[in-house]
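Q: If you want the building blocks of each chain, they are given just below.
Protein chains: 2
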Amino acid sequence: MNRSTYAIGVDFGTESGRALLVDLADGREIATAVHAYANGVIDEHLPGTNIRLEPDWALQDPNDYLEVFKHAIPAVLQESRVDPADIIGLGVDFTSCTMLPTKADGTPLCFLPEWRNHPHAWVKLWKHHAAQDEANKINAIARERGDTFLDRYGGKISSEWFFPKVWQILDEAPEVYAAADRMLEATDWVVWQLAGVERRNECTAGYKAIWSKRDGFPPDEFFAALDPSMEHVVDEKMSRTLYPLGSKAGGLTEEAARWTGLPAGTPVAVANVDAHVAVPAATVLEEGRMVIIMGTSNCHMLMSAEEREVPGVCGVVRDGIVPGFLGYEAGQAAVGDSFAWFVEQCVPAAYTREAEAQGLNVHQFLEQQAAQQKPGESGLLALDWWNGNRTILVDADLTGVLIGATLATKPEEIYRAMIESTAYGTRIIVDNFERNGIPVREIVTTGGLPERNKLLMQIYADVTGLPIRRTATSQGGAFGAAMHGAVAAGKVAGGYDSIFDATRQMASLHEEAFYPIPENRQIYDRLYQDYVTLHDYFGRGANDVMKRLKRLREESLAHPERANRQDAKDAKKDG
Amino acid sequence: MNRSTYAIGVDFGTESGRALLVDLADGREIATAVHAYANGVIDEHLPGTNIRLEPDWALQDPNDYLEVFKHAIPAVLQESRVDPADIIGLGVDFTSCTMLPTKADGTPLCFLPEWRNHPHAWVKLWKHHAAQDEANKINAIARERGDTFLDRYGGKISSEWFFPKVWQILDEAPEVYAAADRMLEATDWVVWQLAGVERRNECTAGYKAIWSKRDGFPPDEFFAALDPSMEHVVDEKMSRTLYPLGSKAGGLTEEAARWTGLPAGTPVAVANVDAHVAVPAATVLEEGRMVIIMGTSNCHMLMSAEEREVPGVCGVVRDGIVPGFLGYEAGQAAVGDSFAWFVEQCVPAAYTREAEAQGLNVHQFLEQQAAQQKPGESGLLALDWWNGNRTILVDADLTGVLIGATLATKPEEIYRAMIESTAYGTRIIVDNFERNGIPVREIVTTGGLPERNKLLMQIYADVTGLPIRRTATSQGGAFGAAMHGAVAAGKVAGGYDSIFDATRQMASLHEEAFYPIPENRQIYDRLYQDYVTLHDYFGRGANDVMKRLKRLREESLAHPERANRQDAKDAKKDG
Numbered sequence: 083m084n085r086s087t088y089a090i091g092v093d094f095g096t097e098s099g100r101a102l103l104v105d106l107a108d109g110r111e112i113a114t115a116v117h118a119y120a121n122g123v124i125d126e127h128l129p130g131t132n133i134r135l136e137p138d139w140a141l142q143d144p145n146d147y148l149e150v151f152k153h154a155i156p157a158v159l160q161e162s163r164v165d166p167a168d169i170i171g172l173g174v175d176f177t178s179c180t181m182l183p184t185k186a187d188g189t190p191l192c193f194l195p196e197w198r199n200h201p202h203a204w205v206k207l208w209k210h211h212a213a214q215d216e217a218n219k220i221n222a223i224a225r226e227r228g229d230t231f232l233d234r235y236g237g238k239i240s241s242e243w244f245f246p247k248v249w250q251i252l253d254e255a256p257e258v259y260a261a262a263d264r265m266l267e268a269t270d271w272v273v274w275q276l277a278g279v280e281r282r283n284e285c286t287a288g289y290k291a292i293w294s295k296r297d298g299f300p301p302d303e304f305f306a307a308l309d310p311s312m313e314h315v316v317d318e319k320m321s322r323t324l325y326p327l328g329s330k331a332g333g334l335t336e337e338a339a340r341w342t343g344l345p346a347g348t349p350v351a352v353a354n355v356d357a358h359v360a361v362p363a364a365t366v367l368e369e370g371r372m373v374i375i376m377g378t379s380n381c382h383m384l385m386s387a388e389e390r391e392v393p394g395v396c397g398v399v400r401d402g403i404v405p406g407f408l409g410y411e412a413g414q415a416a417v418g419d420s421f422a423w424f425v426e427q428c429v430p431a432a433y434t435r436e437a438e439a440q441g442l443n444v445h446q447f448l449e450q451q452a453a454q455q456k457p458g459e460s461g462l463l464a465l466d467w468w469n470g471n472r473t474i475l476v477d478a479d480l481t482g483v484l485i486g487a488t489l490a491t492k493p494e495e496i497y498r499a500m501i502e503s504t505a506y507g508t509r510i511i512v513d514n515f516e517r518n519g520i521p522v523r524e525i526v527t528t529g530g531l532p533e534r535n536k537l538l539m540q541i542y543a544d545v546t547g548l549p550i551r552r553t554a555t556s557q558g559g560a561f562g563a564a565m566h567g568a569v570a571a572g573k574v575a576g577g578y579d580s581i582f583d584a585t586r587q588m589a590s591l592h593e594e595a596f597y598p599i600p601e602n603r604q605i606y607d608r609l610y611q612d613y614v615t616l617h618d619y620f621g622r623g624a625n626d627v628m629k630r631l632k633r634l635r636e637e638s639l640a641h642p643e644r645a646n647r648q649d650a651k652d653a654k655k656d657g
Numbered sequence: 083m084n085r086s087t088y089a090i091g092v093d094f095g096t097e098s099g100r101a102l103l104v105d106l107a108d109g110r111e112i113a114t115a116v117h118a119y120a121n122g123v124i125d126e127h128l129p130g131t132n133i134r135l136e137p138d139w140a141l142q143d144p145n146d147y148l149e150v151f152k153h154a155i156p157a158v159l160q161e162s163r164v165d166p167a168d169i170i171g172l173g174v175d176f177t178s179c180t181m182l183p184t185k186a187d188g189t190p191l192c193f194l195p196e197w198r199n200h201p202h203a204w205v206k207l208w209k210h211h212a213a214q215d216e217a218n219k220i221n222a223i224a225r226e227r228g229d230t231f232l233d234r235y236g237g238k239i240s241s242e243w244f245f246p247k248v249w250q251i252l253d254e255a256p257e258v259y260a261a262a263d264r265m266l267e268a269t270d271w272v273v274w275q276l277a278g279v280e281r282r283n284e285c286t287a288g289y290k291a292i293w294s295k296r297d298g299f300p301p302d303e304f305f306a307a308l309d310p311s312m313e314h315v316v317d318e319k320m321s322r323t324l325y326p327l328g329s330k331a332g333g334l335t336e337e338a339a340r341w342t343g344l345p346a347g348t349p350v351a352v353a354n355v356d357a358h359v360a361v362p363a364a365t366v367l368e369e370g371r372m373v374i375i376m377g378t379s380n381c382h383m384l385m386s387a388e389e390r391e392v393p394g395v396c397g398v399v400r401d402g403i404v405p406g407f408l409g410y411e412a413g414q415a416a417v418g419d420s421f422a423w424f425v426e427q428c429v430p431a432a433y434t435r436e437a438e439a440q441g442l443n444v445h446q447f448l449e450q451q452a453a454q455q456k457p458g459e460s461g462l463l464a465l466d467w468w469n470g471n472r473t474i475l476v477d478a479d480l481t482g483v484l485i486g487a488t489l490a491t492k493p494e495e496i497y498r499a500m501i502e503s504t505a506y507g508t509r510i511i512v513d514n515f516e517r518n519g520i521p522v523r524e525i526v527t528t529g530g531l532p533e534r535n536k537l538l539m540q541i542y543a544d545v546t547g548l549p550i551r552r553t554a555t556s557q558g559g560a561f562g563a564a565m566h567g568a569v570a571a572g573k574v575a576g577g578y579d580s581i582f583d584a585t586r587q588m589a590s591l592h593e594e595a596f597y598p599i600p601e602n603r604q605i606y607d608r609l610y611q612d613y614v615t616l617h618d619y620f621g622r623g624a625n626d627v628m629k630r631l632k633r634l635r636e637e638s639l640a641h642p643e644r645a646n647r648q649d650a651k652d653a654k655k656d657g
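Taken in sequence, the protein lines are chains S and H.
First residue of the first sequence: 83, per my numbering; consecutive thereafter.
First residue of the second sequence: 83, per my numbering; consecutive thereafter.
If we strip away everything but chain S, and leave its shape as in the complex, we get (with noise of 0.2 angstroms):
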């Protein structure tokens, strides 16, 4: 490359967008600039009315996704001064499954006067949790019927996924769900309004929609078998045409290059998903490496050369996350979210003052105080479930457990076990891979997480007894984004042909790395094989409590009108 060329990749969060201007010769990064949603995740009321959304709702507002290229992309030509014709490319991840009702032009029913109240009108957000009973339905059908595709996914569709969102609109809206022209994934529809084209990409399809490389999608007789109205659901609402990773989806449009600064014509890379494109990210493009996403969950990333099938995996998809090899897809629901609750809800006031006296956070404070700790020192073992458990055991009613605690516990010592119990959590996750043919023999992780928390790298470390590096960049997702805008460009562009070039030349590793310590690991063994006991024991079926008590909380909740007979016999005293 005689000038310099750059790209941009746009990452969709949960509360914000990001865009991030790379340099495509070394993957410097040059220039960052994150725009937050004004409606953010929509779970109490729709914006500007007092319409109130139900439990386990999550909604958003795509007109804040157009908002973070009107406002994140400029950001960065600015603070960069780059000249934009030497931006080649562009590419963005999202969250998924994040998806949307349109009409034929790709307008989101929501723009609409007539639909604007309605809340299935909008986009229903990754973690929304109300179609749960068509995930069940759905998981029922497929079983009886014998379709082969559960085995994909680990014998289990999410409520997250597409399906049971389409299916909940089609069963509490049917009228949103005919004014419906089009149903897509959130990161379709922002590369359709950048490039004018609705150009739907191979991994979403893969991991959300129950789509593969060699069978498609599940045949118009299930989809009929679920509801009649939904046989034709892919010809009419969706497209069979899938169009790979790092490929093109057009050039920007005029519009488009009015809102980001950027020339028309600048290519567009196919959508992709936030964890997936943090895989070359982080130099990954083999077999054996595993890619740790780490934030609010932990999603773990895997390749093999050979399709296997492993128990409990998200997805398995070919070409899913680079050509040539099956991606697999593993997760746990909650880890950072899990800490972020210990602190919120459980740290005492003594605590956060000696934190702040230190000029520290209460999480550096009590990694601090639990780095203290030996292995074992506590008495303590938790189970990370305080979100359900996604993989292996693909099992949303599991709660969190905590075993050990004594008069003397101290809370970094719990802060402490509830870090080590996500890192068995992530073992048993190794491990089941392992089990299944397909080796693990290190971690990248990349994140928020592990920057900030080297306890936790080391204890992961230990725990599987891997060692542990981490991603150059802290932003994979943008990174990987930008990454895929160079492959869409190509290198007669200035850009590269191939992931694999851009991967080599643009992502790196941080040089710090964690390694196994001898003596904790050997610790850790004993106190996984306690997890593993557990595990099983609460989440396969031989005490399943844990399912008794969410029923008696869902009874409970579901009886408001039974007055707490205490206050009652109370106020009738006073009285």
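Just so you know, these hints were derived from the structure itself, not from any lab.
Please read these numbers as outputs of a predicted model, since none were measured by experiment.
Accuracy of the hints is not assured; some may be wrong.
All copies of an identical chain are treated as equivalent in the list; a pair is satisfied when it fits inside any one copy or across any two copies.
[Unchecked claim] Here are the simulated DSS-like pairs of lysine-lysine, each with C-alpha atoms no more than 30 angstroms apart in a straight line:
{"no.": "1", "residue 1": "Lys152", "residue 2": "Lys536"}
{"no.": "2", "residue 1": "Lys632", "residue 2": "Lys492"}
{"no.": "3", "residue 1": "Lys629", "residue 2": "Lys295"}
{"no.": "4", "residue 1": "Lys536", "residue 2": "Lys632"}
{"no.": "5", "residue 1": "Lys492", "residue 2": "Lys209"}
{"no.": "6", "residue 1": "Lys492", "residue 2": "Lys536"}
{"no.": "7", "residue 1": "Lys238", "residue 2": "Lys152"}
{"no.": "8", "residue 1": "Lys185", "residue 2": "Lys629"}
{"no.": "9", "residue 1": "Lys536", "residue 2": "Lys295"}
{"no.": "10", "residue 1": "Lys629", "residue 2": "Lys209"}
Since chain S is already given, all that's left is putting chain H on it; use the hints.
A: For chain H alone, coordinates are given in the frame of chain S:
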């Protein structure tokens, strides 16, 4: 009675002693005074030295007990303005087993300069837990020899009891053992100081020193099997003559009269124990009514006319509570203690602030919040083993468990779950008595907790399905001690001839009663089934994870030289 007569009860607690002056006609509490022990619980250094105590040690200074007589009794005399001549009896109650070595004249070894710097010369407080090895050996040897006395103590002698503490002295300080002419309970020692005569009570002998009315102490061969030097411990350092509760030990000596301001010769009752005196103070003189002394721990007292074998009880002693009945003692090791732990270690700053803003302490605020919840609503279930399990598993190595935590779990929900868990623990004890032929049809509580926490009372009623009332007196110990003082004096002196008469005239219950609410009971029945399943799973050997965790913790603490390697690595890197 023509003139008004009074008695004083002196209750020796863990941190302080309390005197209570009671009108014998009706039990009216005239005056009370508390005197804190100057040396409190001695668990770090011997007073006035830098001699460090090992973990699990807990000593006291016998002079602190004398100071209670010298300050608290004059204080109630002064406050009440009662003529000391109208105080016709004096009783004491004490924590137990709290014991000490003395010379033949009752002088504590620790009062003597040559022994003052020797930890084993001081009082071993009930919660001195450093004699676990001796307790384990006593149990093993008794089982091996086929001694049947273990059956009266739930199959196990506790490390808190008399002979493990005596044996620890011999093991670790044979010179102290040799110098000790007498070994006795502190409650007998203070009576000796008041009345000038060594008159040991049957109650502590029965509950803490393996004595029974029928069989006496274990045979000398048993003690010889522990250690040949201990063969004659009973005859050399104790006494086979024991006095029933309520009998008169003697009259106040001239010296004690000077200390207290009471007339010399005032009848002093044979010593008693805090939990045991609380039973008549709670109006209980019969079968079927369980008294629970609720405080840092729960102590369950129950009587039956016939002797039954009840697994896991702390002890069964004929006439051990009131004459004519077998007295059973059972217990839960951590109740108020575990709530205090929670408030100290797990309640966030926002709650502390909000409690303060509302003018409540944190317990009150949490109770108020928790009272808003319905049974089952939290989705939580706990095992109340923060300090092991006393009855019915008798296993100090069991630890606390919390199941059902999610990202939505609130502190007040955990607080309520911990209260509920102690109620399940009580129900297991109740069920265990009933299963073994000792019915329970009502619970009477006494102590600090029942007064402060109505939610707890209602939960106990709902969980056990039994009506619950509480004593009118908030000082069940001192009140019961005063009643025994009145009995020691006898009717002729203006007191009572039996504890039955004293109870009927003096003791009463608070008007407010708590009855099981049928809907709550139904839900708690379901939760209790799960509690029992987990109790048995973790407590009866199906999964000994708690013991493994404890062992790992002990190993870890036993190797402080094994530095935290991460620190070492960091230091090397920084250096």
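Q: With reference to the structure, classify each hint as holding or not holding.
A: Hints and how they fare:
1. Lys152 - Lys536: Neither way: Lys152 and Lys536 sit 37 angstroms apart in one copy and 59 angstroms across, limit 30 angstroms.
2. Lys632 - Lys492: both (28 angstroms within a copy, 15 angstroms between copies)
3. Lys629 - Lys295: So Lys629 and Lys295 fail the 30 angstroms test inside a copy (37 angstroms) and across (52 angstroms) alike.
4. Lys536 - Lys632: Between copies, since 27 angstroms is at most 30 angstroms while 35 angstroms is not.
5. Lys492 - Lys209: Between copies only: 21 angstroms across, 33 angstroms inside.
6. Lys492 - Lys536: both (20 angstroms within a copy, 28 angstroms between copies)
7. Lys238 - Lys152: neither (39 angstroms within a copy, 75 angstroms between copies)
8. Lys185 - Lys629: Neither: 41 angstroms inside a copy, 63 angstroms across copies.
9. Lys536 - Lys295: So Lys536 and Lys295 fail the 30 angstroms test inside a copy (40 angstroms) and across (64 angstroms) alike.
10. Lys629 - Lys209: For Lys629 and Lys209, only the intra-copy Cα distance (21 angstroms) is at most 30 angstroms; the inter-copy one is 39 angstroms.
The structure shown violates the earlier hints numbered 1, 3, 7, 8 and 9.
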